[in-house]
Structure formats: C-alpha cells, structure tokens
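**Q** Each chain, letter by letter, is given below.
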Amino acid sequence: MTTEPQPPATPYLKPLPEPTPVSQPFWDAARRHRLFLQHSRKTGKYVFYPRAVSPYGPEDTLEWVEATGRGTVYAYTVARRPTAPQWGEDGPYVIAIVELEEGPHLTTNIVGCAPEEVSIGMPVVVEFDDVTPEATLVKFRPARLSTEIP
Amino acid sequence: MSLRGKAAIAGIGEFRPSRYTEGATTLGMLAEVARMAAADAGIELGEVDGLITESFAESPFMAPSTVVEYLGLDVKFAEVVDLGGATGAGMALRAAMAIDAGLCETVICTTAARRERRTTEGPKRSAGSGWAGRRTDRTPYAEFEMPYGAIGANFGYAMIANRYRHEYGVTPEQLAKIAVAQRYNACHNPDALFFGQPITVEDVLNSPVIVDPLHMLEIVMPVAGAAALVVTSARKAKKLKKRPAYILGGGEHTTHRSLTYAPSLTDTAIKAAADQAFKTGGIRRKDIDVASLYDCYTITVLLTIEDAGFAKKGQGGRFVDQHNLQFDGDFPLNPHGGQLSFGQAGLAGGMSHVTEAARQVMGRAAGRQVKKCEFAFVNGNGGIMSEQVSLVLGAER
Chain A
1 MTTEPQPPAT
11 PYLKPLPEPT
21 PVSQPFWDAA
31 RRHRLFLQHS
41 RKTGKYVFYP
51 RAVSPYGPED
61 TLEWVEATGR
71 GTVYAYTVAR
81 RPTAPQWGED
91 GPYVIAIVEL
101 EEGPHLTTNI
111 VGCAPEEVSI
121 GMPVVVEFDD
131 VTPEATLVKF
141 RPARLSTEIP
Chain B
1 MSLRGKAAIA
11 GIGEFRPSRY
21 TEGATTLGML
31 AEVARMAAAD
41 AGIELGEVDG
51 LITESFAESP
61 FMAPSTVVEY
71 LGLDVKFAEV
81 VDLGGATGAG
91 MALRAAMAID
101 AGLCETVICT
111 TAARRERRTT
121 EGPKRSAGSG
131 WAGRRTDRTP
141 YAEFEMPYGA
151 IGANFGYAMI
161 ANRYRHEYGV
171 TPEQLAKIAV
181 AQRYNACHNP
191 DALFFGQPIT
201 VEDVLNSPVI
211 VDPLHMLEIV
221 MPVAGAAALV
231 VTSARKAKKL
241 KKRPAYILGG
251 GEHTTHRSLT
261 YAPSLTDTAI
271 KAAADQAFKT
281 GGIRRKDIDV
291 ASLYDCYTIT
301 VLLTIEDAGF
311 AKKGQGGRFV
321 DQHNLQFDGD
331 FPLNPHGGQL
341 SFGQAGLAGG
351 MSHVTEAARQ
361 VMGRAAGRQV
371 KKCEFAFVNG
381 NGGIMSEQVS
391 LVLGAER
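Keeping their order, the protein sequence lines are chains A and B.
Residue numbers for the first sequence follow our numbering, so the first one is 1 and each next one is one higher.
Residue numbers for the second sequence follow our numbering, so the first one is 1 and each next one is one higher.
Isolated chain B, as found in the complex (with noise of 0.2 Å):
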C-alpha cells in the first residue's frame, strides 16, 4: 500500500526564471529541460519510458504525445497532469506510481511557461461580450463568479488572509517576515529572479496593497521558466552516478475548485495531504530538515504551516516569530527563494519546490544548502487553495 522508497527522483533540469521568453515555443521548453533533467540523471533519452507532462495552449489536445514525439520517445505511459501549481508534485507522485505498478521503469515529468512580450493591445474584446475566448471557459466558476471580477488569484487569497485574520489574528509583519526570508534565500541562489535584492518588512509593508490586505511583495510575479525531473525505480535510482533523492511518502487532497465552496477558508485540504505523505512516508514532522511549501502568497506559507502540522491551528504567526526561516536558519523554508523570490513560471514554479526539495536532500544545493539535510516536505497548492499534494523525500530509501 505504501510507495515508500519505490522511486527517485534522479536528474533535474530547470531554467533560469527570466521576465519574458523570446521566439520560444513551449513545446521547444518542454523538449529542453526534459532533455536537461535527462543528461542530469546521467541517462539517455531512450531509457525513458515514461512522459508526464502539462496541457499546455499549442498544444490543446493530446499534450504527452506531442512532447513524446518531439523529444523522439518510446514510452509505456503518458499522460496529462491538470492540479494547477500542485502539478509539479502530482507528476513526482504519479510517476512513482506508474513506476510501482510496473508500467514504466524511468519517467520524465516537464512543465515549461513560454511569455512573451506583449506587442498589441491586449486580447481583442467585442461589445457587449466581455473577452475573446471568454466561452471556452464554461465552468460555475466563469458563469457565478467571474462576472463580479473574482478573476485571478489575487482576490480569493486575500479574502482568505481577511477570514484569517478574522479567526486567528496574524500581524502584517509576521505575514512579511515570511517574504523577507525567502528574498534572504534568493540572494543566495543566482538563478533566483531576485537575486541581489534583498528587502526588509518594512519595504514589504510599504510596498502597494494590491487586494486588502496583501501587499505587492507578498504576491508571486509571474514570469517564464521551465522544469523537469526524470523519476525512476530505486533500483535504477541505486546504479546511477549522482544521489538520487527517493520519493518516501505522498498525499494528496481536493474538495474544491472555488474557493467560495471550500468547507473552510482557514482549515485547508492540505491537512489532508500531508498527514498521508507523512503516514505513508513513516517519517515525523520533527524529522524533516527542509520545507519546501507552496507559496503564491504569504498566506499560503502560514496556511501551510499550520496544515501540514508543524504549527497548531492558529500559531502560525507566533511560528513565523519564533523560528528563523532562512534557509541557515532553524526552520528552513524554501530555500531557492520560493516562488515570491525565485519566480513563478507557470507551473514549473510549483515543480520548482519539488526541484529545490530534491537538490536540497541530493546535497547540490549550493551557497543555499540546509545543512544534514536528510528529509524534505513538499507542498504543491493549486487554484485558489483546492488541490492539494504532499510529498516526502528522503536522501535514503
């Protein structure tokens, strides 16, 4: 029942966030950081039996196919995975359970975000219509609620850190302290968009409200990037050059699309997820060394902390103050920077904290490394918090 030890995560590829790509295509992203992740495990494309990727617009039906002969493989198992920035989790997850059930032995899982500089106007709007496209979406969501402007994520995490603060109370500090260590994490990682450029609380509380009561620098920017990893049975895991970090434990949970039907804005669905990575992972909260929590806001992070256990409900501001979250500190929570410092290119920002979970327990971490660092938790949030994916890794089976 459980998939402890069964797979690894053996190579990583990923890019350097950048503000806009040029002339790139997705597909061609998708192809190059599969292939990045490949020579990083130290393998050769036609080992690789297995392709997880993203539905992604060029490609709007048939996604793994099309990477799968773009890339010129031979696979057993292919598929989409569609749980917004809980994707990148979900693929690791997925991967070591086709691997388990024997369908395929050595998977890629790539996301890529192409962005181009605008050069019209805008999406083209007919009167009375609202925006081109606007149909294809025919979901509750676009018909009850993005008429009243409930459109993007913004709105629904600042709705959520309101009930928050409602319920439980957390300062506008703590809240800031949770970007400012992570912006201290970015600067020592160069592939972080922000590198050299640290903030303080006061910078972050000064910083425009954009949604009350989020500030500016308390909200991912997006920007374009790639990431991949090739996931592989442990026993090939075992034969390969670099350390491999296994996939000990996964959870995952979903009630939920919208947020306005989600049974609690403050009890989240990770709870769920976690609590199942852990069980399965036969590993304790006290044992993990390296956070690597999703974080399209502050709020996400404190939301988590509290979630997936390692504060009680309603601690998590307290948390914030009384540990250190820098990646030298004694709660090391994302140390690449996070999304809010490293980027967030589209889904491969959600793959980038199960990357940076990976190179942290493979000990390739760099000027950021954790020290000891031997177990590592991973939390993919998608949507408005709905789905949810736990993963545990460890740097032994």
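Chain A on its own, in the form it takes in the complex (with noise of 0.2 Å):
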C-alpha cells in the first residue's frame, strides 16, 4: 500500500517569537499548553514579559508559576486592512491588550469568534495556537464556561 503523497506544508510566514534564555520558560510551557508567568516574591504582583530583573526593586526575585489563563479584553481593534503583508490572506482579525487574572497585560489576538462579538470587558481564555511544529502562540477567545469567567 501506498501513501499518498502530501501537499508541501504552506510555510509559516508570520513572524515567530525568538526566546531569549530569559523567557525560554514562558515559551516552553506554552507549547505545553500552558500560561507561564513570573510572580514577584516581595510585592506578590505578576510580571509580564519575563525579565532577569525584577521591576519592583533589587532585593525582589522572581519565579515562575502557573496562570489560569483568564483574563478579560481590555483594549482591542478590528484590523480590516493587514497590519502587515504576511496577514493578507486572513481577512479582519482582532489584536487585543488583555487583562489578565493576574494582573499584567498582554498583546494577542482575539480568536474564536467574530469580531464583531469582541467587546471591553469581555471574558476571555487562553488558546494555544500551535503555528509551527517549534512555536506556540498565546491566544484567545471568549470565555464560554461560567468556571472560564474571572
């Protein structure tokens, strides 16, 4: 029996995070399926990007723990037009400043949905996006559980 032949795999354009030592963690959990944050010993805040220092003074340090991965929209926009060519094939897509549970904010995108249903304030749960067999993506989209609501 043979196999058929595949299709080249449609090579991945956009750009790809590069870790650094520093946030190697962060994107190694990610491809785990999971939200990695650094939480500041002395101050109890979460950090958001990872940093080799921490923000709230020297005598601080900071670890890594395990977020929920809920958060709420904080800021967001509807891209009609491709913020970038490698996007020109994807019609409008949403980028958002998330608030997460914890605190910090990130930038990402909106999936899931329409983007007419993203709203400020709006629930939402990370979603992994495996975009390569290397890279992990972290995404998100409404919340839909009530257990999914911060």
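Among the hints, a few may not be true.
Simulated coverage check for chain A against chain B, where a stretch passes if three residues somewhere in it have a Cβ under 8 Å from a Cβ of chain B [as the list claims (entries may be wrong)]: (1) 18–31; (2) 35–42; (3) 63–76; (4) 80–87; (5) 102–109.
The calculated lysine-lysine pairs, modelled on DSBU-like cross-linking and capped at a C-alpha distance of 35 Å, are [as the list claims (entries may be wrong)]: (6) B:371 - A:42; (7) A:45 - B:372; (8) A:45 - B:271; (9) B:371 - B:177; (10) B:286 - B:76; (11) B:177 - B:76; (12) B:242 - B:6; (13) B:76 - B:313; (14) B:76 - B:312; (15) B:312 - A:45; (16) B:313 - B:286; (17) B:279 - B:239.
Please keep in mind that the hints were generated in silico from the structure rather than gathered at the bench.
By construction, the Cβ of each residue, glycine as well, lies at the ideal position given by its N, Cα and C atoms.
Two chains, each in its own frame: build the complex with the hints.
**A** Take a look at the structure:
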C-alpha cells in the first residue's frame, strides 16, 4: 500500500517569537499548552513579559508560576486591512490587550468568534495556537463556561 | 534650573514633503536641509559648533560624526536623539540644554526621510522565519507582540481610540473634525502635501476603516522630506537679522515603549511633559496662541488637547465641538496642516511641529499666519503614545 504524496506544508511566514534564555520557560510552557508568568516574591505581583530583573526593586526575586489563563479584554481593534503583508490573506482579525486575572496586560489575538462579538471587558480564556512544530502562540477566545470567567 | 530664554530657534530648513525621492541619500538630505537652516539663520556653517541628528539606516553607527564630516563641520557637541516622533522636539530641548551648559553655542538639529519607489517585490522572505531582517529586533516587543500582527502603529492608536470611547466617549464626527480643520489649514500652505484638496467630515467618515474605529483620512500618510533647525544662544540669536523663536520651557516624559505596558491608554505621559514645559517656561495655557500637536492620528490630537491641559479629561470631543481649530479660529491647531495634511516624512514629520511653531512665533507663516502669535506650545509624541516631549516657544525671552 502506498501513501498519497503529501502536499508541501504551507510555510509559516509570519514573525515568530525568538525566545531568549530568560523567556524560554514561557515559550516552553506555551508549547505544553500552559501559561506561566513570573511572580514577584517581594510584592506578590505578577510580571509580564519575562525579565531577568524584577521591576520591583533589587532585593526582589522572580519565580515562575502557572497562571489561570483567564482574563478580560482591556482594549482591542479589528484590523480591516492587514497590519503587515503576511496577514494579507487572513481577512479581518482582532488585535487586543488582554488583562490577565493575575493583573499583567499582554498583546494577543482574540480568536474563536466573529470580530464583531469582541467588546471591552469581555471575559476570555487562553487558547494555544501551535503555528509551527516548534512555536506555540498564546491567543485568547471568549469564555464560555462560568468557570472560565474571572 | 530653568532653560527659559537661554536659547532660541534662529533658522529653519524644510523640504516640501513628497511621495517619493529619486536617487537621494538620507545623508545628502540631512546635509542639504541643515545648510538651508544655516542660510535661513544667516550664519556660516563655520559658526555651527553642535550637531544633533537621528539614527538612520545608511549609518547604523556614529550618525552624528558621519553628518559632521559630510558637512565639513567642527563641533564640540554631537549626538543622536532616538525618541520616535518626539525626536524633533527632543532635539530642540537637548540643543538648548547643551547651549545652557556652555558646551557649545550654535547647534544644527537635522532630520530626513527618503522614500524610494519600490521596484522589487518587497523584502525577501525565507520559509518559516518571517521576513529577512527581523532578527535585528530582539526587543520584548518583537518577541511578544509582532507574532500577533501588532505591527506598525495603526493598531495601537485604534485600541486607544476604542478604549477612550469606552471610558469617556467621543463621536466619529468629533474626531473627523480635527482632520477637516487641519486640511483647511493645509489648503493655506502651498508646501503641504494635500494643498488644494479640502475635505469634509463626510469625506473622513466615508473613507475606508483601516483599523476600527480609525478611517483612512484620520491616519497619516508616510512621505519623504527633511527638516532642520538652527538653535543658538539667546545672546547670538539677538544679533541675527531675523526674529528668533525663544525656547521658554521644555518637558519630557516616558514610561513605556509598547502600548501594552502603558499605565493607562487614555491618561498619557503628555500630562507630565506639558506640565513641566509650562512650569519651566513660566507660561499659562491661556497665553498660548498656537498649538502644534503631534498628529499621527486624530485620536492623538484629542488626547493631547486634554493631557496638555487645554481641556478637561474626557471633554476633548466637546472641546473640538466648541472651538474652531483652523489657523484663523479661536484655537489655532497645526496651521501647517499637521502631519495628517502636511505629510509625515519620518522623524522630519515630528520636526514639522517644531518648525511650524517657530515660524508662527517668528511671524513668518505667510498665508496661514496666526494673528498676534506670541507663544506656541509644541508636543512631540513617539511610538504608540510612548516618548513625550513638550516645548513652549515665545517671541520674546
């Protein structure tokens, strides 16, 4: 029995994260579909993006902890025209700042709903997108279950 | 502690914005516009002992010495300013600081943007690795935002506009009115890119939405151009033939590079920069005769009107309704047309807010001259509401 020749995979042309030694744990966790943040031992605050030094002072240390993956839309826009050529075929897409339940803001995409359904304050939950065999992006979709709402 | 009246803008050089350049080098443009500014001030290049320029692609390292050498200068102070759209205002402020510190007496600040017509099919891409060249940017922004298409500035200002509408409210018509008033001004400035092309609020609202809620006519068009200043000591400025524009006050504020980490999307760093500029200048808001506000988008102007203290927080839309923003109105705003209608030539676009404020105070703004223009307020804004630099200029020390 012969296998059908597979069409060549469409190359992923969009920019990919290039982890640093400091941020590698974040991307490794995303690869396992888990969201990790740094946590400030001194203040109890959470830190995003990953840093080598704490923004809360020299005597502070940062440790990796798992986040709930829940948050709300803090701000968003619908890109009606592509923001870069690699998004040219995507149609309208949502770029958003999500406020995580733990406090930090991050920029991401809202997926899993029509752009028109997105609103400020909308509860969202993390949705991991394995864009290449090596890279997983951290996106968000509308929360559907009560347990998904922060 | 105050820079008030220590230095003045004594000369201006500026290219008329154009869609494209042909065969020009950025270095050549930086030098040519610098020479224009010196000629305008009525000084010889030999009198220039300071040079401030931008970091430009042709000279990834040591840009100031490259420009110094090209112009044949001999300077005691040379540096690059890297504050995005606030660079022009930041250059003027730093020139005044260097003069006040006694490092030098006459500084040229020069900015330029060339823009060749694209002859190839854009940047080369290799499979699976994004576009060529992106590896040079290893910032957290490149790592955590670009993969989501958060590229350019449109998306960020659109998020700000949506958040502002959510927190305070502003109508599409109110935002459009800013673009319309500035276009009216541009129609009185033959050097503006959109000279002779008036628009209405309906035109703005009927132009395509690029990123919700921003329409095409609320977004700057990138062009080619160049702008330069001669900043000199007040002592020397007084001896020159033309009337200078004194730098009375300056302020600067930065808290973040990416909008994601801004303390607020609607309360901006402009407030602290403007407060410092007014305080050091000893000038009140109501003394200001012309506002030269960085205008990459209409929402930027609305936030600046509020945060610079001309309107209360949340009242920007109402302010726009209640005032005439034309150069011949009661709140003259960006008489040259602003970047929205004059054109945004890279960092020379931000510099155009400084050159225009200076021209107005010097009384040399021809068909768009604001009457009895004694004091001007300038705000430069970098990135996505990131770097902020404010200046107060005056006709007298």
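**Q** Hint by hint, note whether the structure agrees.
**A** Hints, one by one, checked against the model:
1. 18–31: Three-residue rule met by the stretch 18–31 of chain A, so holds; n is 4.
2. 35–42: violated (count 0)
3. 63–76: Coverage by chain B holds here, the residue count being 3 at a Cβ distance below 8 Å.
4. 80–87: holds (count 8)
5. 102–109: holds (count 5)
6. B:371 - A:42: violated, 58 Å
7. A:45 - B:372: violated, 53 Å
8. A:45 - B:271: Satisfied, since the Cα-Cα distance of roughly 27 Å is no more than 35 Å.
9. B:371 - B:177: Measuring from Cα to Cα gives roughly 22 Å; hence the hint holds.
10. B:286 - B:76: violated, 39 Å
11. B:177 - B:76: violated, 46 Å
12. B:242 - B:6: holds, 17 Å
13. B:76 - B:313: Violated - the C-alpha atoms of residue 313 of chain B and residue 76 of chain B are around 44 Å apart, more than 35 Å.
14. B:76 - B:312: violated, 44 Å
15. B:312 - A:45: Given pair residue 312 of chain B, residue 45 of chain A holds - Cα atoms ~32 Å apart, limit 35 Å.
16. B:313 - B:286: holds, 17 Å
17. B:279 - B:239: holds, 28 Å
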